[in-house]
Amino acid sequence: MRRDPVVAPAVLLVWGAVALFVLYPLGRLLILTFWDGGPSLDAVRRLGGDWTHRVALVNSLVLAALVGIAGTALGLAAALLAVRANMSRWAVRALDAVILLPLISPPFTAAIALIFALGPRGLISYHVFGLTKVNIYGLWGTLLSETLTYFPIAYLTLKAVLANVDPNLEDSAFSLGARRWRVFRTITLPLATPGVANAFLLVSAASLADFATPLILGGTRFPVLPTQAFLQITGLYDTRGGAALCFLLLVPALAVFAGQRWVTERRGGSFVTITGKVGAATRVKSLSPAAVAGLGAVCGLVVVLVLVCYAVIFAASIVRGLGADNSLSLAHYAHVFSGGLRAVRDTLIVAVICMPVGGLFAVVLGFLVSRTQFPGRRALEFAAMLNYALPGTIVGIAYLVAFNDPPLALTGTAFILVVCYVFRYSLAGTRATSAVLAQIDPSIEEASASLGARRDTTFRRVVLPLVRPALLAGMTVLFIRAMTAISATIFLVSLQWSLVTVRILEGITNLELGQASAFSVLVIVLVYVAVVVASLAMRRLNAGSFGQAGTLLGG
Amino acid sequence: MIQAAARGKRLTLEHVSKRFTREGQDAVAAVDNVSLSVEPGELMTLLGPSGCGKTTTLRMIAGFEQPDAGRISIGGDDVTRLMVYRRGIGFVFQNYALFPHLTVFENVAYGLRVRGLPAAAIRTRVGQVLELVGLPGYERRFPNQLSGGEQQRVAVARAVVVEPQLLLFDEPLSNLDAKLRVQMRAELSRLQRQLAITTVYVTHDQEEAMALSDRIAVMRQGRVAQIGTAEELYRSPRSAFVAQFIGRVNLVASRVLAITGGRLAVALWDGSLSVPGADGYVVGQRLSLVLRPESLTLLPESAKAAEGEIVVPGIVRGRTFLGEKVEYLVEVAGALLHATSYDPTRRGVEPVGARVGIMCDAAAVRLLAADS
Chain A
1 MRRDPVVAPA VLLVWGAVAL FVLYPLGRLL ILTFWDGGPS LDAVRRLGGD
51 WTHRVALVNS LVLAALVGIA GTALGLAAAL LAVRANMSRW AVRALDAVIL
101 LPLISPPFTA AIALIFALGP RGLISYHVFG LTKVNIYGLW GTLLSETLTY
151 FPIAYLTLKA VLANVDPNLE DSAFSLGARR WRVFRTITLP LATPGVANAF
201 LLVSAASLAD FATPLILGGT RFPVLPTQAF LQITGLYDTR GGAALCFLLL
251 VPALAVFAGQ RWVTERRGGS FVTITGKVGA ATRVKSLSPA AVAGLGAVCG
301 LVVVLVLVCY AVIFAASIVR GLGADNSLSL AHYAHVFSGG LRAVRDTLIV
351 AVICMPVGGL FAVVLGFLVS RTQFPGRRAL EFAAMLNYAL PGTIVGIAYL
401 VAFNDPPLAL TGTAFILVVC YVFRYSLAGT RATSAVLAQI DPSIEEASAS
451 LGARRDTTFR RVVLPLVRPA LLAGMTVLFI RAMTAISATI FLVSLQWSLV
501 TVRILEGITN LELGQASAFS VLVIVLVYVA VVVASLAMRR LNAGSFGQAG
551 TLLGG
Chain B
1 MIQAAARGKR LTLEHVSKRF TREGQDAVAA VDNVSLSVEP GELMTLLGPS
51 GCGKTTTLRM IAGFEQPDAG RISIGGDDVT RLMVYRRGIG FVFQNYALFP
101 HLTVFENVAY GLRVRGLPAA AIRTRVGQVL ELVGLPGYER RFPNQLSGGE
151 QQRVAVARAV VVEPQLLLFD EPLSNLDAKL RVQMRAELSR LQRQLAITTV
201 YVTHDQEEAM ALSDRIAVMR QGRVAQIGTA EELYRSPRSA FVAQFIGRVN
251 LVASRVLAIT GGRLAVALWD GSLSVPGADG YVVGQRLSLV LRPESLTLLP
301 ESAKAAEGEI VVPGIVRGRT FLGEKVEYLV EVAGALLHAT SYDPTRRGVE
351 PVGARVGIMC DAAAVRLLAA DS
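Chains as they are written, first to last, in our numbering: chain A, 1 to 555; chain B, 1 to 372.
Do not take every clue at face value.
[Unchecked claim] Label pairs and their in silico Cβ distance ranges: (1) A253/B <-> P190/A: 50 to 56 Å; (2) P356/A <-> A120/B: 30 to 36 Å; (3) Q145/B <-> A163/A: 44 to 50 Å; (4) G348/B <-> T186/A: 46 to 52 Å; (5) L495/A <-> Q145/B: 53 to 59 Å; (6) A91/A <-> A178/B: 57 to 63 Å; (7) S174/B <-> A91/A: 54 to 60 Å; (8) A379/A <-> Q66/B: 46 to 52 Å; (9) A178/B <-> D456/A: 51 to 57 Å; (10) Q145/B <-> S338/A: 53 to 59 Å; (11) F415/A <-> S174/B: 35 to 41 Å.
Everything labelled a hint here was simulated from the structure, so no lab data went into it.
Glycine included, every Cβ here is placed at the ideal spot set by N, Cα and C.
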């Protein structure tokens, strides 16, 4: 199949796009940092002289580690409860629904809610407990907010890993005389260890890249790298300094990414392959009732906290000024549907254009990478993943550097927003495609070829219909991200093309929290509807005759 | 109706080789200098243990793999470098490889659609071919609504509906249960004869190969060990490998004791047996004797040998009663021999531990050079 006349042009096309929209901007960013009429380290050295920047580096790393630990612990607790506690189906589904809320929310949701709930005049801290000295700003507030926002990533990862640990293995340990705690300690946990490491790195990476939460809750006392880079550019108009800060952020981000790849590739993410086929269904008994109760209490608390956050946001959107003037009012929504309507429309247009473009890109890339052979295949896979793996701030600033001037003056256009999302958020679709293709025997494609179909015909008539679930999953993720992203696109918006998330940020910085809440509620509702529709469609596709695309939000 | 026209083309492989390289290992020859020719309308089986190169050979004939050396031609046309989709073949996969998102009708119609046939012609042809494989009325079902045997039939229908010059089967029956396998075997045989398409059939099941094939090519370690009809391979194996792979066999070490008047006297146990065919042998040469289990007869311990026979004492060490026959394991001169006795109801069954005489008939003995 090597000399296929169709694969080569497709590879060239994808390579060209990746080179232009991934490698070129990153290259420009590095050149700006390290080239000043010649090779130069001045820009990085200057950072060392600034106290704020030095602290920002340390803060970023400490925060990432703490959020990683807390998020993984919470995620593990919730995953154990969901997979190993014999909960009823609907209970697991309800747990899923609540835990997934933060994943599909605009970035400031938890932060705004925490300000309302635990701020100086917070609903809980002041009005319930009468505390006046609670300070939500700084490390602890940022940590709490980011943990609530990102522990669902750990939950999803660990749930999949634990679900793949064959309960028969635990049974065989029981049969050898081990008690519950011993079985958990010597069988369940070791089997899940690669998953735990993976979850920790994923959550840490998310925290390292998070721009929205520290911008609001970090304040001046707790600077981190992404916010510093943003302020350096938007406040001081110092693009070179911002680029240098990006480089500082790039190093730990790539290290975490490399670590995550190492963990998942060395062990395949879990040990499932050892046992092969999962044996007969057996009732899981590795958690004692007391352990289940303990996990239930922890998860219950978290669930309540998440629900409180969303209740607060909703309340803030329908009263005049939450905490100060609690009279019902639709003024905030009136604003959203008048002055704010433009941003809503722009966001929807960009999101809707992203879906087919990014979805097709994801499927083609996934197909090329997992089903064809060509020189530089692994390199392409890696390059295509870069924009996803790097913090949005870096990608945004790189795009700003690369596409602000002719010949490619693209910033501020809808085009660049679409491009940014496609190359940043197609990875979920690509992975889903690879997962679906892994379940489809290559002989299906060979059968098509043996019946006289060329490679393009096979792709169109056999592969594409089979990867429809992956395409759908990929497009849904693109829609969610396009509705909720801020870190990269804040550098790319303009007066012509603005986004809802940017309006939320403006609302917060102008202290119009009610308006910000109303925008947030709107985004959450739109995204939730999209997820429900996609899930229903997915169920129909999966109920058909072919393989599952995995979870909608995986990856 | 699809006609048994002279659609079959001759397939020839000349010195075809294929090496695979695994990471960090030396290249392994999967197929090593294979030459064979399949006559128009003939069904040839590639038979061998797993890893013998039979499937790789088949995949090179189909065009899924490119040979590193050699030439493949169909009907005299060199197809060695031709893409799969231009070869005009029908391929039936081990796992059937039905398109899971298409109905039975669309699966079978796929090759016709690719060829751009008008809708009416497609409908007619698909209907005929489903009739042929015994699945009329299954048009609207999906593959996951079919049993294994039905999926198998759809796979065959899909392969033959395009009227291929060459039909290729890759262990098509290995996913079916034993009873269905025998039934499908007969149906495939009938279908292939009716359509008269040149066919190459890969299997590791010697019984299947013997039941289906016009000729069998036994493969071992990437090479063709022997080609012949089932009977030729069974009666006159040219190597110990073929002797052991086709049917059950006892190989007994021996040597040439004397050559007289076109006959060989060869050593067997403590005696000597006279067998025809002296050409190329020298006195003292080491040999293996091929003794099929059914040519060893169990007699009472006291039985005497007649002319051209040899009888030795043995002890029954094991037996398997299989209804129409009993398979014995008999210890003779310190070695265990397989012996099969038919019609046990009439002849009786010897118990384990019984002392018996084993009779070997010279006419049933074949000779092999000791190093083959």
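Quick rundown of the hints versus the structure:
no.	hint	verdict
1	A253/B <-> P190/A: 50 to 56 Å	54 Å, holds
2	P356/A <-> A120/B: 30 to 36 Å	35 Å, holds
3	Q145/B <-> A163/A: 44 to 50 Å	28 Å, violated
4	G348/B <-> T186/A: 46 to 52 Å	59 Å, violated
5	L495/A <-> Q145/B: 53 to 59 Å	58 Å, holds
6	A91/A <-> A178/B: 57 to 63 Å	46 Å, violated
7	S174/B <-> A91/A: 54 to 60 Å	44 Å, violated
8	A379/A <-> Q66/B: 46 to 52 Å	25 Å, violated
9	A178/B <-> D456/A: 51 to 57 Å	42 Å, violated
10	Q145/B <-> S338/A: 53 to 59 Å	55 Å, holds
11	F415/A <-> S174/B: 35 to 41 Å	54 Å, violated
In terms of the numbered hints stated before, the structure departs from hints 3, 4, 6, 7, 8, 9 and 11, listed from lowest to highest.
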